[in-house]
Amino acid sequence: MIALLVRDLKLAMRAGGGFGLGLAFFLIVVTLVPFGVGPKSSLLAAIAPGILWLGALLACLLSLDRIFALDWEDGSLDLLATAPLPMEAIVSVKALAHWATTGLPLVVAAPIFGLLLNLPVEGYKPLILSLILGTPALSVIGTFGAALTVGLKRGGLLLSLLVLPLYVPTLIFGAEMARRGVAGLDNTTPMLMLAGITCGTIALLPFASAAALRVNLR
Amino acid sequence: MNSIWEYANPKKFIQTTDKVLPWVSILSCVALVVGLIWGFFFTPDDYRQGSTVKIIYLHVPSALMAINAWMMMLVASLIWIVRRHHVSALAARAAAPVGMIMTVIALLTGAIWGQPMWGTWWAWDPRLTSFLILFLFYLGYIALWAAIENDDTAADLTSVLCLVGSVFAVLSRYAVNFWNQGLHQGASLSLDKEENVADVFYHPLLVCIAGFVLLFIALVLLRTRTEIRARRMRALLARERMG
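Protein sequence lines, in the order shown, are assigned to chains Y and X.
So that you can map any letter, position 86 of the first sequence is 86 in our numbering, and since no number is skipped, the others follow by simple counting.
So that you can map any letter, position 212 of the second sequence is 430 in our numbering, and since no number is skipped, the others follow by simple counting.
Pulled out of the complex, with its shape left as it was, chain Y reads as follows (with noise of 0.2 Å):
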């Protein structure tokens, strides 16, 4: 297992694995925000929470597709799938790697693009909570998404369409909390809601994605 998750935070990180390509996404999304919709501070402010969770989002479901195509081109899926690894303890593994390469860096530079967004200092420690809370859902939820779609041409574009109906309790609850921290109000509520989709997800959504997975590769 450990290997199998070194291989693929290896295989992210070096030449050709598109590591930084979520981040630049993140990037260009905060960057565009300003353009469309007006430059004042306070607006920016007051839409900065949701605007950082919708460009986490984005920059996620951009890099689901890779988290098996490529294994599944050139036959290493087939590989780990007869391994004695069971498929469960795999997808948990690619959804890890997909969170370390993808969530884990958009979480460290939220706080960069928050100033960007004029956000107020105290919204973000709520933020930043509410990403780390928030994105390993949105892994997870996303390898399901890529275990459908896998063997498929033209699986990109329907993998977002699977998998962003799926987004949204994650969503409500994320934006929500960051939101109600911004303002300053009480979050525990969300707090609590987004922490449960993350078990829960974490917990049951490999069972269905090693369940798509092994239909994919039969």
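It should be emphasised that the hints constitute simulated quantities derived from the structure, not laboratory data.
Backbone N, C-alpha and C fix where the C-beta goes; we use that ideal spot for every residue, glycine too.
Accuracy of the hints is not assured; some may be wrong.
The calculated label-pair distances, taken between Cβ atoms and stated as ranges, are [said to hold, decoys possible]:
1. X:241 / Y:73: 51 to 57 Å
2. Y:35 / X:270: 40 to 46 Å
3. X:388 / Y:83: 34 to 40 Å
4. Y:112 / X:270: 50 to 56 Å
5. X:342 / Y:214: 37 to 43 Å
Chain Y side only, calculated, beta carbon under 8 Å to chain X, not exhaustive [unchecked claim]:
6. 152
7. 158
8. 162
9. 165
10. 166
11. 173
12. 212
13. 215
Start from chain Y and add chain X according to the hints.
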């Protein structure tokens, strides 16, 4: 011998629906015509809403069926996963577009009603939003069916998607509830009589709901039969090419 699984045999299914389908269709037509005419022409205008209240005869039944269609797909998907009856998978596939159209009807009639009543075509109200999300789920489900060439793979994957999607649809429903307070009124129908709409509106509404249920059953049966025949035809063509 007399178990429900008999109908998992496509031949038996076609034979039975041959007999049932005309009756269901006729009954559905009768119920819809009676219910809609009764509702549109023989009920008084509401004292506050005027004649706009009559859109309820399309709105409530279609919204009800949009949710029930997904439930039916969920059950059919479970049957396919557990017992691998092809008719069940095909029925789920057949129900999806019907359910999607019901969702669209509910959204459109709601918008048409909302414009004069709430002064807006659309509001980010929990019920409206969750219906929009339900519509997206239908879209994804249908797109996944269409994208996969192998029938069994498609049936398996869409079943998994339907199961996961159901959980997330329920989750979204509550999340959206939390996110914004509602403009939409509470349930128009429920088992405890207190909350119900007045009797004059209630009886034609029941007839309309019965009509929509029967219409849904008729359409799903029809579409399932078409799918079975299409699949049979493909098999025959393939055999001819081989021979």
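Evaluated hints:
1. For the pair residue 241 (chain X) and residue 73 (chain Y), the supplied restraint of 51 to 57 Å holds, since their beta-carbon distance comes to about 53 Å.
2. With their beta carbons about 42 Å apart, residue 35 (chain Y) and residue 270 (chain X) fall inside the hinted range of 40 to 46 Å.
3. Range check, residue 388 (chain X) to residue 83 (chain Y): Cβ separation about 36 Å, and the 34 to 40 Å hint holds.
4. A hinted range of 50 to 56 Å holds for the C-beta pair residue 112 (chain Y) and residue 270 (chain X), which are about 52 Å apart.
5. A hinted range of 37 to 43 Å holds for the C-beta pair residue 342 (chain X) and residue 214 (chain Y), which are about 39 Å apart.
6. Nearest Cβ of chain X to the Cβ of residue 152 (chain Y): about 5 Å, under the 8 Å cut. The hint holds.
7. Restraint check, residue 158 (chain Y) versus chain X: the minimum CB separation of about 5 Å is within 8 Å; hint holds.
8. The beta carbon of residue 162 (chain Y) comes within 4 Å of a beta carbon in chain X, closer than 8 Å, and the hint placing it at the interface holds.
9. Because the smallest distance between the Cβ of residue 165 (chain Y) and any Cβ of chain X comes to about 4 Å, under 8 Å, the interface hint for this residue holds.
10. Hint status for residue 166 (chain Y): holds, given a least beta-carbon distance of 5 Å to chain X, under 8 Å.
11. Interface restraint check: residue 173 (chain Y) against chain X, minimum CB-CB distance 6 Å, threshold 8 Å, status holds.
12. Taking 8 Å as the C-beta contact cut-off toward chain X, the hint placing residue 212 (chain Y) at the interface holds, the least distance being around 5 Å.
13. The criterion of a C-beta within 8 Å of any C-beta in chain X is met by residue 215 (chain Y), whose closest approach is roughly 4 Å, and the hint holds.
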